[in-house]
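There are 2 protein chains.
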Amino acid sequence: MFSQSEENYIKTIYHLEADFKKGISTNAIAKKLDTKASSVTDMIKKLSEKDVVTYKKYQGVTLTDFGKKTAANIVRKHRLWEVFLVDKLNFSWDEVHEVAEQLEHIKSPKLINELDAFLEYPKRDPHGDPIPDKEGNLQIIEKSLLSTLKENEIGVCVGVDDSSSEFLRFLDKQGVALGKQIKVVEKEPFDGSLVIEMDGKTLSVSNKIASNLYIQKSR
Amino acid sequence: MFSQSEENYIKTIYHLEADFKKGISTNAIAKKLDTKASSVTDMIKKLSEKDVVTYKKYQGVTLTDFGKKTAANIVRKHRLWEVFLVDKLNFSWDEVHEVAEQLEHIKSPKLINELDAFLEYPKRDPHGDPIPDKEGNLQIIEKSLLSTLKENEIGVCVGVDDSSSEFLRFLDKQGVALGKQIKVVEKEPFDGSLVIEMDGKTLSVSNKIASNLYIQKSR
DNA sequence: ATATATTTTTAGACTAACCTAAAAATATAT
DNA sequence: ATATATTTTTAGGTTAGTCTAAAAATATAT
Ligand SMILES: [Mn+2]
Ligand SMILES: [Mn+2]
Ligand SMILES: [Mn+2]
Ligand SMILES: [Mn+2]
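Chains as they are written, first to last, in this note's numbering: chain A, 63 to 281; chain B, 63 to 281.
It is possible that some hints are incorrect.
Claimed, not checked - Listed below are the simulated BS3-like cross-link pairs for lysine-lysine, each with C-alpha atoms no more than 27 Å apart in a straight line:
no., chain 1, residue 1, chain 2, residue 2
1, B, LYS98, A, LYS169
2, A, LYS130, A, LYS205
3, A, LYS150, B, LYS93
4, A, LYS185, B, LYS172
5, A, LYS169, B, LYS249
6, B, LYS212, B, LYS130
7, A, LYS205, A, LYS169
8, A, LYS249, A, LYS83
9, A, LYS150, B, LYS172
10, B, LYS196, A, LYS150
11, B, LYS172, A, LYS172
12, A, LYS172, B, LYS185
13, A, LYS185, B, LYS150
14, B, LYS169, A, LYS172
15, A, LYS172, B, LYS98
16, A, LYS150, B, LYS150
17, B, LYS172, A, LYS235
18, A, LYS169, B, LYS150
Bear in mind the hints are in silico, worked out from the structure with no lab data behind them. Note that the coordinates shown come from a computational prediction; the quantities given were computed from them, not determined experimentally.
Go ahead and model the full structure; you've got the sequences and the hints to work with.
Here's what the structure looks like:
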């Protein structure tokens with residue numbers, strides 16, 4: 063059984079590995095967890111002791127299979143709770159993260175399995191991120207950043223890269239939501255902005271937005 | 063904002079005060095929390111510092127109004143989560159306590175208010191205990207231990223005193239549940255056992271059970 | 001290749017929440 | 001009333017998780 067703090071480290075390493083492969087640096091972890099590198103070194107030693115990570119001094123850290131499974135289970139809980147908050151308790155997608163950050167640490171296998179069933183086995187969380195199954199496997203879908211699409215390409219909005227409240231609320235204001243069909247009408251090379259068609263209307267989105275929105279291209 | 067540990071102390075003092083009025087002893091708290099008296103003294107000082115309790119050395123501890131409100135809010139969360147687990151996630155009434163013990167510490171006013179609404183504002187938890195409202199008030203109902211009823215008195219089962227898994231599962235086995243009508247047929251002075259009528263059948267219950275079951279008498 | 005900058009680890013401290021053992025206060029029994 | 005028992009507090013330690021500052025290792029730039 064892991065402490066809340068240990069779980070937060072494990073989850074963070076998992077997310078960093080998804081982005082940057084093996085050998086996650088002390089500093090990278092410290093930055094994500096808003097703590098100091100020296101604290102990370104301490105914790106890393108403990109996690110290595112517990113066979114969650116492999117660790118060679120100065121070489122960064124990598125999750126073991128056991129560590130990966132543990133991490134996936136925490137992520138599974140986090141995302142299932144997010145679905146619960148949005149689907150059942152009227153939270154909006156920009157409000158769920160902080161609470162899920164707490165709920166993910168509740169220890170009860172029955173709770174999480176029953177929650178999964180109650181929510182009818184959702185496959186993705188409110189931000190479009192996949193929910194790992196009990197074994198820790200998660201299905202990856204083919205998705206591309208909106209900014210990488212070419213003119214006239216069409217797709218469906220399936221996720222966000224940055225899921226900060228600010229970004230999500232901004233998307234709300236623009237009427238952008240998961241499941242919406244988007245067509246790239248025009249790309250502006252000067253500032254990287256795009257003119258897109260959505261809900262039959264055309265609007266312009268900045269490069270900043272376009273490089274944070276995931277699109278599943280229509281074949 | 064209080065730590066999980068502080069919250070557990072506050073809640074425990076609250077429950078003890080309900081049973082024994084003011085001036086809760088260090089030892090009583092230690093026993094309930096399964097910790098040492100010296101640890102309790104430490105924590106009591108901190109809580110007194112934070113104006114949760116009033117404390118005079120060797121005189122025991124009493125919740126302030128602020129302390130009472132804080133406690134009631136924790137109890138509110140505990141009981142609402144218990145209702146959720148039973149009503150929505152197929153937990154039985156003997157399985158919920160341990161999980162609610164964790165869930166009660168989640169910090170999010172919106173979460174608990176939405177949960178309350180989602181559950182349609184329940185008034186009692188699965189054990190018949192009242193759920194405090196947002197202000198910390200809880201409605202008390204007139205209830206008596208089954209063991210105090212006289213022959214031929216009739217009432218409805220509305221709660222349990224001991225809510226240990228063992229007792230609750232035993233009640234399940236006997237077919238006793240909240241809401242069941244019970245009539246005292248006969249009292250056995252020798253061992254304090256009772257013959258009762260329930261669901262049209264008569265059965266005998268030991269004194270141990272009769273003094274852990276709350277009945278609301280039919281006027 | 002060497003100097004400089006950056007990253008990582010170590011050393012030493014702090015706080016929260018525990019503990020044991022001893023001392024002090026209070027309660028109980030004769 | 002005094003002696004004894006019990007309860008409560010104090011004193012001093014431990015562990016988890018954090019911090020700052022300094023030392024060591026590694027990376028980068030000339
Ligand atoms: Mn968390
Ligand atoms: Mn999410
Ligand atoms: Mn608790
Ligand atoms: Mn209960």
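Cross-check of the supplied hints:
For the hint pairing LYS98 of chain B with LYS169 of chain A, the CA-to-CA distance comes to about 25 Å; that is within 27 Å, so the pair holds. A threshold of 27 Å between alpha carbons decides the hint, and for LYS130 of chain A with LYS205 of chain A the separation of about 23 Å falls inside it, so the pair holds. The hinted pair formed by LYS150 of chain A and LYS93 of chain B fails the criterion: a straight-line CA distance of about 39 Å is larger than 27 Å. Between the alpha carbons of LYS185 of chain A and LYS172 of chain B the distance comes to roughly 25 Å, so the proposed pair stays at or under 27 Å and holds.
At most 27 Å may separate the alpha-carbon atoms for a hinted pair to count; LYS169 of chain A and LYS249 of chain B exceed this at roughly 45 Å. Taken as a hint, the LYS212 of chain B and LYS130 of chain B pair is broken in the structure, with Cα atoms around 36 Å apart against an allowance of 27 Å. For the proposed pair LYS205 of chain A and LYS169 of chain A, the alpha carbon gap of about 33 Å is over 27 Å, so the pair is violated. In summary, the hint linking LYS249 of chain A to LYS83 of chain A is not supported, as the alpha carbons are separated by about 32 Å, beyond the 27 Å threshold.
Between LYS150 of chain A and LYS172 of chain B the CA atoms are separated by roughly 13 Å; this keeps the pair inside 27 Å, and the hint holds. Simply put, LYS196 of chain B and LYS150 of chain A have alpha-carbon atoms about 21 Å apart, close enough for the 27 Å limit, and the pair holds. Note on LYS172 of chain B and LYS172 of chain A: the hinted pairing holds, with a Cα-Cα distance of about 25 Å set against a maximum of 27 Å. The suggested pairing of LYS172 of chain A with LYS185 of chain B holds, with an alpha-carbon distance near 25 Å, which does not exceed 27 Å.
Between LYS185 of chain A and LYS150 of chain B the CA atoms are separated by roughly 20 Å; this keeps the pair inside 27 Å, and the hint holds. For the proposed pair LYS169 of chain B and LYS172 of chain A, the alpha carbon gap of about 22 Å is at most 27 Å, so the pair holds. A distance of roughly 32 Å separates the Cα atoms of LYS172 of chain A and LYS98 of chain B; the hinted pair therefore is violated under the 27 Å criterion. At most 27 Å may separate the alpha-carbon atoms for a hinted pair to count; LYS150 of chain A and LYS150 of chain B meet this at roughly 11 Å.
At most 27 Å may separate the alpha-carbon atoms for a hinted pair to count; LYS172 of chain B and LYS235 of chain A meet this at roughly 22 Å. A C-alpha spacing of about 18 Å is found between LYS169 of chain A and LYS150 of chain B, which places the hinted pair at or below 27 Å, so the restraint holds.
Checked against the numbered hints given earlier, this structure breaks hints 3, 5, 6, 7, 8 and 15; the rest are met.
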